[in-house]
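Chemist: Sequence:
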Amino acid sequence: MALVFYARVSSKDQNLARQLTRAKEIKADKVFTDKYSGKNLDRPALKQMMEYLREGDTLEVVSLDRLSRDYNDLKELVQSLRKMKVRLIVDDLPQAHTNNELVDQFMMDMMIQLMGFVAQNEREKIKERQAQGIKIAKQRGAYKGGTIKYGRNSKDPKNRLVWQTVIEMLYNRKENPTISGIARKVGISRQQVYRIKQRENL
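Numbering (this note's numbering), first residue to last: 194 to 395.
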């Protein structure tokens, strides 16, 4: 029976130190870390952890939103852990100890529903504030939109060259008939090629 610890921050420039300190304190047998947004479950370490966990293991996190910020995803994860008979410990949630498994499970479900709702509500408010900020910036004429990585005005000369090469290939479709082929030749994703194609109306 292993004690597994999962830590997550939303971006590469954020620090995992506080969570990893907790993992050391509890002497976790195995630690999984992600530097990805919690908006969905498509995270490499989370997938590895779910494959690693076995019946009788314990999973610990510092807070519920480290697992997910989406309420439905959170429910899905907790249900999966329960089916696997893996105990979940959330540091900032009080642990129920009534010596009645059904009551303990009910209390945990109630707390997860509440905390999941709070986490999702917080995320929706952040998105709402961002949208309001963009709207105000547009009204002032200060909003320039997202930075285009591959374009005629890209800051990186290499990215400008990629854009130019893609444009030439899109014009000459007889030699480069597929989007996938163009993507492979220039070393970017098909989605990026589609974006360039769409922006240039090709």
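The hints are simulated quantities; they were obtained by calculation from the structure and are not laboratory data.
Yeah, the Cβ is synthetic: ideal placement off N, Cα and C, and Gly gets one too.
Some hints here could point you the wrong way.
Said to hold, decoys possible - Computed list of lysine to any residue pairs in SDA-like fashion (alpha-carbon distance at most 20 Å, straight line):
1) Lys-342 / Glu-315
2) Lys-228 / Ala-210
3) Lys-390 / Ile-372
4) Lys-223 / Lys-318
5) Lys-223 / Asp-263
6) Lys-228 / Asn-208
7) Lys-276 / Glu-315
8) Lys-318 / Ser-230
9) Lys-232 / Leu-209
10) Lys-228 / Arg-247
11) Lys-390 / Leu-363
12) Lys-220 / Lys-318
13) Lys-232 / Glu-315
14) Lys-276 / Gln-212
15) Lys-268 / Arg-236
16) Lys-223 / Asp-206
17) Lys-348 / Lys-320
18) Lys-278 / Glu-315
19) Lys-223 / Ser-256
20) Lys-228 / Asp-263
21) Lys-240 / Ala-221
22) Lys-228 / Val-197
23) Lys-205 / Ala-221
24) Lys-351 / Lys-320
25) Lys-220 / Asp-263
26) Lys-342 / Lys-278
27) Lys-220 / Lys-232
28) Lys-205 / Asn-233
29) Lys-320 / Val-197
To be verified - Derived Cβ-Cβ restraints for the label pairs, each shown as a range:
30) Tyr-387 / Arg-211: 23 to 31 Å
31) Glu-244 / Lys-328: 38 to 46 Å
32) Lys-328 / Asn-394: 47 to 55 Å
33) Glu-321 / Glu-218: 34 to 42 Å
34) Asp-222 / Asp-302: 25 to 33 Å
35) Gln-384 / Asn-346: 28 to 36 Å
36) Met-194 / Leu-307: 26 to 34 Å
37) Gln-241 / Glu-218: 20 to 28 Å
38) Tyr-387 / Asn-346: 44 to 52 Å
Chemist: Would you mind marking each hint as holding or not holding in the structure?
Modeler: To see whether the hints hold, each was checked on the structure:
no., hint, in the structure
1, Lys-342 / Glu-315, "violated, 30 Å"
2, Lys-228 / Ala-210, "holds, 12 Å"
3, Lys-390 / Ile-372, "holds, 9 Å"
4, Lys-223 / Lys-318, "violated, 34 Å"
5, Lys-223 / Asp-263, "violated, 25 Å"
6, Lys-228 / Asn-208, "holds, 9 Å"
7, Lys-276 / Glu-315, "violated, 29 Å"
8, Lys-318 / Ser-230, "holds, 16 Å"
9, Lys-232 / Leu-209, "holds, 18 Å"
10, Lys-228 / Arg-247, "violated, 24 Å"
11, Lys-390 / Leu-363, "holds, 7 Å"
12, Lys-220 / Lys-318, "violated, 36 Å"
13, Lys-232 / Glu-315, "holds, 12 Å"
14, Lys-276 / Gln-212, "violated, 26 Å"
15, Lys-268 / Arg-236, "holds, 17 Å"
16, Lys-223 / Asp-206, "violated, 23 Å"
17, Lys-348 / Lys-320, "violated, 28 Å"
18, Lys-278 / Glu-315, "violated, 30 Å"
19, Lys-223 / Ser-256, "holds, 18 Å"
20, Lys-228 / Asp-263, "holds, 16 Å"
21, Lys-240 / Ala-221, "holds, 18 Å"
22, Lys-228 / Val-197, "holds, 18 Å"
23, Lys-205 / Ala-221, "violated, 23 Å"
24, Lys-351 / Lys-320, "violated, 33 Å"
25, Lys-220 / Asp-263, "violated, 29 Å"
26, Lys-342 / Lys-278, "violated, 46 Å"
27, Lys-220 / Lys-232, "violated, 29 Å"
28, Lys-205 / Asn-233, "holds, 17 Å"
29, Lys-320 / Val-197, "violated, 32 Å"
30, Tyr-387 / Arg-211: 23 to 31 Å, "violated, 40 Å"
31, Glu-244 / Lys-328: 38 to 46 Å, "holds, 43 Å"
32, Lys-328 / Asn-394: 47 to 55 Å, "violated, 27 Å"
33, Glu-321 / Glu-218: 34 to 42 Å, "holds, 37 Å"
34, Asp-222 / Asp-302: 25 to 33 Å, "holds, 27 Å"
35, Gln-384 / Asn-346: 28 to 36 Å, "violated, 20 Å"
36, Met-194 / Leu-307: 26 to 34 Å, "holds, 29 Å"
37, Gln-241 / Glu-218: 20 to 28 Å, "holds, 23 Å"
38, Tyr-387 / Asn-346: 44 to 52 Å, "violated, 20 Å"
Hint compliance for this structure: hints 1, 4, 5, 7, 10, 12, 14, 16, 17, 18, 23, 24, 25, 26, 27, 29, 30, 32, 35 and 38 are broken, all remaining hints hold.
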